[in-house]
Amino acid sequence: MRSPARILAGAVRARRPAVATAGAVLLGVLLPFWVNAFWLSTLVYVLIGALGALGLDVLTGRTGQVSLGHAAFLSIGTYTAAVIGENFALPAVVWIPAAGAVAGIVGAVAAPLAFRLRGLYLAIVTIALVYIVQDAFTVWTTVSGGPGGRSLPTPSFGPLHFAKGLQLGGLVITEDGLYYYLAFLLLGIGMWFVHNLSRSRPGRAMVSVRDRELAAAVLGVNVRRTKTMAFVISSVMAGVAGAMYGSFLGFGQPSQFDLLLSIQYVVMIIVGGMGTLWGPLLGAVFVVGLPNLLQQEGGAIPFLAGGTRTTGIPVADASTVVYGVLLVVFLLLEPRGLVGLGQRMGSLVRRRRAVSPVAGASQFTGEG
Amino acid sequence: MNTFLTLGFAGLALGGVYALVALGFTVIYRSSRVINFAQGEMLALGALVTSALIADDHMAFWLAFLIGAAATGAAGLAFQLLVLRHGIGKPEFTIVMLTLGLAAVLNAVLDAAFGAEPRANGDPWGASVLHVGGLSLLWVQVWTIVAAVLLVVVFWLFNRHTKWGLAMRSAAADPEAALAVGIPLGRVYGTAWVMAGIVAAVGGVFLGAYPNSVTPALSDVGLLAFPAIILGGLESTTGAVVGGFVIGVVYEMSQGYEGTNFAQVAPFIVMILVLLVRPQGLFGSRAAERL
Numbered sequence: 000m001r002s003p004a005r006i007l008a009g010a011v012r013a014r015r016p017a018v019a020t021a022g023a024v025l026l027g028v029l030l031p032f033w034v035n036a037f038w039l040s041t042l043v044y045v046l047i048g049a050l051g052a053l054g055l056d057v058l059t060g061r062t063g064q065v066s067l068g069h070a071a072f073l074s075i076g077t078y079t080a081a082v083i084g085e086n087f088a089l090p091a092v093v094w095i096p097a098a099g100a101v102a103g104i105v106g107a108v109a110a111p112l113a114f115r116l117r118g119l120y121l122a123i124v125t126i127a128l129v130y131i132v133q134d135a136f137t138v139w140t141t142v143s144g145g146p147g148g149r150s151l152p153t154p155s156f157g158p159l160h161f162a163k164g165l166q167l168g169g170l171v172i173t174e175d176g177l178y179y180y181l182a183f184l185l186l187g188i189g190m191w192f193v194h195n196l197s198r199s200r201p202g203r204a205m206v207s208v209r210d211r212e213l214a215a216a217v218l219g220v221n222v223r224r225t226k227t228m229a230f231v232i233s234s235v236m237a238g239v240a241g242a243m244y245g246s247f248l249g250f251g252q253p254s255q256f257d258l259l260l261s262i263q264y265v266v267m268i269i270v271g272g273m274g275t276l277w278g279p280l281l282g283a284v285f286v287v288g289l290p291n292l293l294q295q296e297g298g299a300i301p302f303l304a305g306g307t308r309t310t311g312i313p314v315a316d317a318s319t320v321v322y323g324v325l326l327v328v329f330l331l332l333e334p335r336g337l338v339g340l341g342q343r344m345g346s347l348v349r350r351r352r353a354v355s356p357v358a359g360a361s362q363f364t365g366e367g
Numbered sequence: 000m001n002t003f004l005t006l007g008f009a010g011l012a013l014g015g016v017y018a019l020v021a022l023g024f025t026v027i028y029r030s031s032r033v034i035n036f037a038q039g040e041m042l043a044l045g046a047l048v049t050s051a052l053i054a055d056d057h058m059a060f061w062l063a064f065l066i067g068a069a070a071t072g073a074a075g076l077a078f079q080l081l082v083l084r085h086g087i088g089k090p091e092f093t094i095v096m097l098t099l100g101l102a103a104v105l106n107a108v109l110d111a112a113f114g115a116e117p118r119a120n121g122d123p124w125g126a127s128v129l130h131v132g133g134l135s136l137l138w139v140q141v142w143t144i145v146a147a148v149l150l151v152v153v154f155w156l157f158n159r160h161t162k163w164g165l166a167m168r169s170a171a172a173d174p175e176a177a178l179a180v181g182i183p184l185g186r187v188y189g190t191a192w193v194m195a196g197i198v199a200a201v202g203g204v205f206l207g208a209y210p211n212s213v214t215p216a217l218s219d220v221g222l223l224a225f226p227a228i229i230l231g232g233l234e235s236t237t238g239a240v241v242g243g244f245v246i247g248v249v250y251e252m253s254q255g256y257e258g259t260n261f262a263q264v265a266p267f268i269v270m271i272l273v274l275l276v277r278p279q280g281l282f283g284s285r286a287a288e289r290l
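Protein sequence lines correspond, in order, to chains S and V. Under numbering that gives the first Met the number 0, the first residue of the first sequence carries the number 0, and numbering increases by one thereafter. Under numbering that gives the first Met the number 0, the first residue of the second sequence carries the number 0, and numbering increases by one thereafter.
So that you can see chain S by itself, here it is in the shape it has in the complex (with noise of 0.2 Å):
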């Protein structure tokens, strides 16, 4: 005789992936009403970075082309967004889908620049691409206002104002939340989409094309389209993204747009894990995340100027030397990032349980 609560962790192990999702979403949802304001704009930065990792993601963890230029698109999203949203007072419904479509027409026609050129040389010449869109945002100054950087507008959906929160009943949600949920909605669609696209016919050419891509043209893979397909994906994600971070943040400089922000979402998906659909998101967690986390904590650790103390040495420099020690140890270490990890974790914590079976029986989802 089955007890109930073995037929239920039957049922979980069999949709693992399922109830592994439905907890992230269920977390996710109520996550907001753990936190302080703090660390709930925190989550907010980290959900948007999330999307724009994504986006990477799909362009050099899945595509294998590696692409410094992913701050360029973001700042694309952002003034679209700003001078769609502002200069034309349109709404937020049409100026977030209208950030990552003028991002990936500009992807699209940045595309071609991979047909050329392969790994390094690529890589490079999208660090032009870093500079050459910074330098024309500056000086294009009716669109982005310049060095000064100019306002960004906040969403409204309908009589729905972010700016003055939400009040359901008893419920109230304040601007940060409404941002929180409306990043967690973008990405879950994101998120979707690229589990949606890793298991279609143009996302396992994506995938040829990163593991061989002579041989996947031999095989009759179109390369310059699955290339070309890859980048007007990244950066619609990243216009999207920077649509959202520079409406949350409420303005945008060229000078925020730079070669370390590129770095910092590679570093993202490399320690979250590349080519995975989780890794984004947890890289994102890591790198976003980690500055505030010492700004907050910083008094605790010596020699930080964070918390109270005001002298010392600057979070940001110690927050980038940490994740650039984290992005070498991942690298040699763990190539697979943080998923990686987990999934090692995973399989340590299995094979103890298949080694003493009572003590994996007396836990709820294992049995031998």
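Quick caveat, the hints were computed from the structure, so don't treat them as lab data. These numbers come from a predicted model, not from an experiment. Any given hint might turn out to be false.
Listed below are the simulated DMTMM-like cross-link pairs for lysine to aspartate or glutamate, each with C-alpha atoms no more than 20 Å apart in a straight line [to be verified]:
1) V:Lys-89 to V:Asp-173
2) V:Lys-89 to S:Glu-212
3) V:Lys-89 to V:Glu-175
4) V:Lys-89 to S:Glu-333
5) V:Lys-89 to S:Asp-210
6) V:Lys-162 to V:Asp-173
7) V:Lys-162 to V:Glu-234
8) S:Lys-163 to S:Glu-174
9) S:Lys-163 to S:Asp-175
Derived CB-CB ranges, DEER-like [claimed, not checked]:
10) S:Asp-210 to V:Phe-3: 46 to 54 Å
11) S:Pro-96 to V:Ala-216: 36 to 44 Å
12) V:Leu-65 to S:Glu-85: 51 to 59 Å
13) S:Leu-340 to V:Phe-3: 54 to 62 Å
14) V:Ala-216 to S:Asn-35: 34 to 42 Å
15) S:Arg-203 to V:Leu-65: 52 to 60 Å
16) V:Phe-261 to S:Arg-349: 55 to 63 Å
17) V:Leu-134 to S:Phe-250: 43 to 51 Å
18) V:Ala-216 to S:Thr-173: 35 to 43 Å
19) V:Arg-32 to S:Arg-211: 17 to 25 Å
20) S:Val-324 to V:Arg-159: 33 to 41 Å
21) V:Val-276 to S:Arg-211: 21 to 29 Å
Residues on chain S that point at chain V, a partial pick, calculated with CB under 7 Å [stated by the list, open to error]:
22) Leu-39
23) Val-65
24) Gly-118
25) Ile-123
26) Ile-312
27) Thr-319
28) Gly-323
29) Leu-326
Even for Gly, the Cβ is constructed at its ideal location relative to N, Cα and C.
Given chain S's structure and the hints, the job is docking chain V onto it.
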């Protein structure tokens, strides 16, 4: 015409610095097929150490220069020994990202250690001027060009005519075969990183000279020099020099005639145009690929 000549000369001097940076890139690339994204940071390290020794410890310029170059070489060696050695055999992408990690760490460390305040370079030439014909040329620019050409020639001779140069070339061509015939790969790579560090420090000191000053932001030149190396093709020393001088002149000319903003971008535009026509750079060779 005088403006044109002055700008051209300033361009050659800046090109000398670029050529030195590019030489640093090629030294490493020609021995291990690694692009060092931290070359700019190494350059800033050399310049900062040198200027700090002169300003804070009242050291003589040449001694400080020597120590700065040695320190940068040591930093390169340390990175090779501690990190890069473990990355041998990993994909190209991994190696590049390792050097990018070094760049990020060095950048932050330099920022935290030396601060963003501009420092005086402390070189003996200052703003002194050489008058030739109707032109006034900065002495430091003259010496930059001389030093760049000298170092490039020395490296070229080293690479062509010494046992170590041969070892480097064979290590790059086929590391396994090189090991098999008894070439100590570790020492070859180490030497390359030390040399790249020294070259970077020399470039840094000249770049920090009048009218510039020394700040951690000098490292930006590492990125601005990319067009130079790409233009020349990664594996060619001649290419590095030609590319360096071309990009230097393009930069100074566009700054003189169009303004700073465009000057930052012009080298990159030139680079993209060249690459679209010749993806392997002007002097690079195209590799055949087997299935």
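A quick look at each hint next to the structure:
Distance check on the hinted pair: Lys-89 (chain V) and Asp-173 (chain V) sit about 15 Å apart at the alpha-carbon level, within 20 Å; holds. At roughly 18 Å between alpha-carbon atoms, Lys-89 (chain V) and Glu-212 (chain S) fall within 20 Å of each other, so this suggested pair holds. Between Lys-89 (chain V) and Glu-175 (chain V) the alpha-carbon distance is near 14 Å, which keeps this suggested pair within the 20 Å criterion. Between Lys-89 (chain V) and Glu-333 (chain S), the direct Cα distance comes to roughly 12 Å. Compliance with the 20 Å bound is thereby established for this hinted pair.
Among the hinted pairs, Lys-89 (chain V) with Asp-210 (chain S) is consistent with the structure: their alpha-carbon atoms are about 14 Å apart, no more than 20 Å. With a C-alpha separation of about 17 Å, the suggested pairing of Lys-162 (chain V) with Asp-173 (chain V) holds against the 20 Å cut-off. Among the hinted pairs, Lys-162 (chain V) with Glu-234 (chain V) is consistent with the structure: their alpha-carbon atoms are about 19 Å apart, no more than 20 Å. Our distance criterion of 20 Å between C-alpha atoms is met by Lys-163 (chain S) and Glu-174 (chain S), whose separation comes to about 7 Å.
Proposed proximity of Lys-163 (chain S) and Asp-175 (chain S) is supported: the alpha carbons are some 10 Å apart, at most 20 Å. Between Asp-210 (chain S) and Phe-3 (chain V), the C-beta spacing of about 52 Å keeps the proposed range 46 to 54 Å intact. Checked against the given bound of 36 to 44 Å, the beta carbons of Pro-96 (chain S) and Ala-216 (chain V), roughly 38 Å apart, stay inside it. Between Leu-65 (chain V) and Glu-85 (chain S) the C-beta distance comes to about 57 Å, which sits within the given range of 51 to 59 Å.
Separation of Leu-340 (chain S) from Phe-3 (chain V) is about 59 Å and conforms to the stated range, judged on CB atoms against 54 to 62 Å. As the Cβ distance of Ala-216 (chain V) to Asn-35 (chain S) is approximately 37 Å, the hint placing it in 34 to 42 Å holds. Range check, Arg-203 (chain S) to Leu-65 (chain V): about 57 Å between beta-carbon atoms, so the 52 to 60 Å window is met. Distance hint for Phe-261 (chain V) and Arg-349 (chain S): a CB-CB separation of about 60 Å, consistent with the stated range 55 to 63 Å.
As the Cβ distance of Leu-134 (chain V) to Phe-250 (chain S) is approximately 47 Å, the hint placing it in 43 to 51 Å holds. Roughly 39 Å separates the CB atoms of Ala-216 (chain V) and Thr-173 (chain S), a value that falls within the hinted 35 to 43 Å. Taking 17 to 25 Å as the suggested C-beta distance range, the pair Arg-32 (chain V) and Arg-211 (chain S) conforms, at roughly 19 Å. A hinted range of 33 to 41 Å for the beta carbons of Val-324 (chain S) and Arg-159 (chain V) is consistent with their spacing of about 39 Å.
As the Cβ distance of Val-276 (chain V) to Arg-211 (chain S) is approximately 27 Å, the hint placing it in 21 to 29 Å holds. Hint on Leu-39 (chain S) is violated. Least Cβ distance to chain V is approximately 28 Å, over the 7 Å limit. The restraint placing Val-65 (chain S) at the interface with chain V holds, with a minimum CB-CB distance near 6 Å, inside the 7 Å limit. Contact between Gly-118 (chain S) and chain V, as hinted, is supported at the beta carbon level, the nearest pair being about 6 Å apart and thus within 7 Å.
Contact between Ile-123 (chain S) and chain V, as hinted, is supported at the beta carbon level, the nearest pair being about 5 Å apart and thus within 7 Å. Hint status for Ile-312 (chain S) relative to chain V: holds, with the closest Cβ pair at about 5 Å, below 7 Å. Among the interface hints, the one on Thr-319 (chain S) holds; its C-beta lies about 4 Å from the nearest C-beta in chain V, closer than the 7 Å criterion. Restraint check, Gly-323 (chain S) versus chain V: the minimum CB separation of about 4 Å is within 7 Å; hint holds.
Proximity of Leu-326 (chain S) to chain V holds as hinted, the smallest CB-CB distance being about 4 Å (cut-off 7 Å).
In this structure, the one hint that does not hold is number 22.
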